[in-house]
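Heads up: the sequence lines are chains A and B, in that order.
Terminal number for the first sequence in my numbering: 215, no gaps in between.
Terminal number for the second sequence in my numbering: 126, no gaps in between.
Think of the hints as simulated: they come from the structure by calculation, not from any bench.
Since this is a predicted model, take the numbers as computed values, not measurements.
Ideal placement from N, C-alpha and C gives every residue a C-beta, glycine not left out.
It cannot be assumed that every hint is accurate.
Across the chosen pairs, the derived CB separations fall in these ranges [said to hold, decoys possible]:
1) A:Leu46 with B:Gln116: 25 to 31 Å
2) A:Met6 with B:Leu100: 29 to 35 Å
3) B:Ala67 with A:Ala138: 50 to 56 Å
4) A:Pro34 with B:Ala90: 28 to 34 Å
5) A:Val42 with B:Thr96: 19 to 25 Å
6) B:Thr96 with A:His113: 19 to 25 Å
The residues making up each chain are set out below.
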Amino acid sequence: MPTSPLAVIALGCAVLSAIIQLAYLIVRPPLVRATKVWLLLGLGILPIGAAFAGNVQGFEATKERAFCGSCHLMTLHEQDSDDAASLSLASRHARNAMFGSENCYTCHADYGMFGTIVTKAGGMRHVWMNLTAYRGVSLDDAKKTISLRDPWKMNGNCMQCHSTRDPLWLKVADHKSVLDDVRAARVSCASAGCHGLAHPFFVSPNPVSP
Amino acid sequence: MAARGAPPALIFACVCALAALALMTWQLFDPRVFPIIVAMSAGQVLGTASFLTYLYVVANDFRRQLRQGKEPGKINEG
């Protein structure tokens, strides 16, 4: 049962609207002014409210790890993030409250003014690929072919939090030696020689690495 | 038309709106890829079609009343 305020608003609007429509369909009153006003509520204002609240709730739901994991190809990723004992980068970040249940979205979303729109458009591409190229492909086979489309973008996402400008961060010799390469995404933070792959069980065939 | 009961277009609008609401609320209970995409595509299309049909019927009724030279909104109340 949905409990978020937006979902409750959407459900409330939908139920009230459905009551008005069903009453109209059963009684079928003449089209007088009162009928028009009731139908304006039942066919216009309340459904628009339900659609608006429902869409916002839907967009919020698409940020959740459970949503990403609802495609069979992402099952391992979801299980790993849910695993409190896992030491993968993805799982460690999922245990951070800043990432939490939205850790997939937080790390993989594009940032910037149109980041949300670009990310959602990219998500539609994932859906298309899942329905066409990967529909009948097993997880084991998919592992060999799935890779990040823009791996060079990932360092930018890491650097939203790990700015590479903190004195403590710069004190680490390995950080200092590859500073320019990390900032230019020539070396991935999540490569084998550095912090390890974010999803070590799912090795990308073309990782960004030194 | 108006005084003789529900115009068929409004019946159509109500059925469309009920279907749209069903699709839009499905995603609230089952927030996975398919229900969300269906809600944001088919649900929106059906809902919009329903509201546009309602507006068309009301505008048509209003225009008909104007053509008859009667005050809109009062003609059908008696």
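Results for each hint:
1. A:Leu46 with B:Gln116: 25 to 31 Å: Since A:Leu46 and B:Gln116 have Cβ atoms about 27 Å apart, the given range 25 to 31 Å holds.
2. A:Met6 with B:Leu100: 29 to 35 Å: Holds, at about 33 Å.
3. B:Ala67 with A:Ala138: 50 to 56 Å: violated (31 Å)
4. A:Pro34 with B:Ala90: 28 to 34 Å: Cβ of A:Pro34 to Cβ of B:Ala90: about 29 Å, so the range 28 to 34 Å holds.
5. A:Val42 with B:Thr96: 19 to 25 Å: Once the Cβ atoms are compared, 20 Å apart, the range 19 to 25 Å for B:Thr96 and A:Val42 holds.
6. B:Thr96 with A:His113: 19 to 25 Å: Check failed, 32 Å falls outside 19 to 25 Å.
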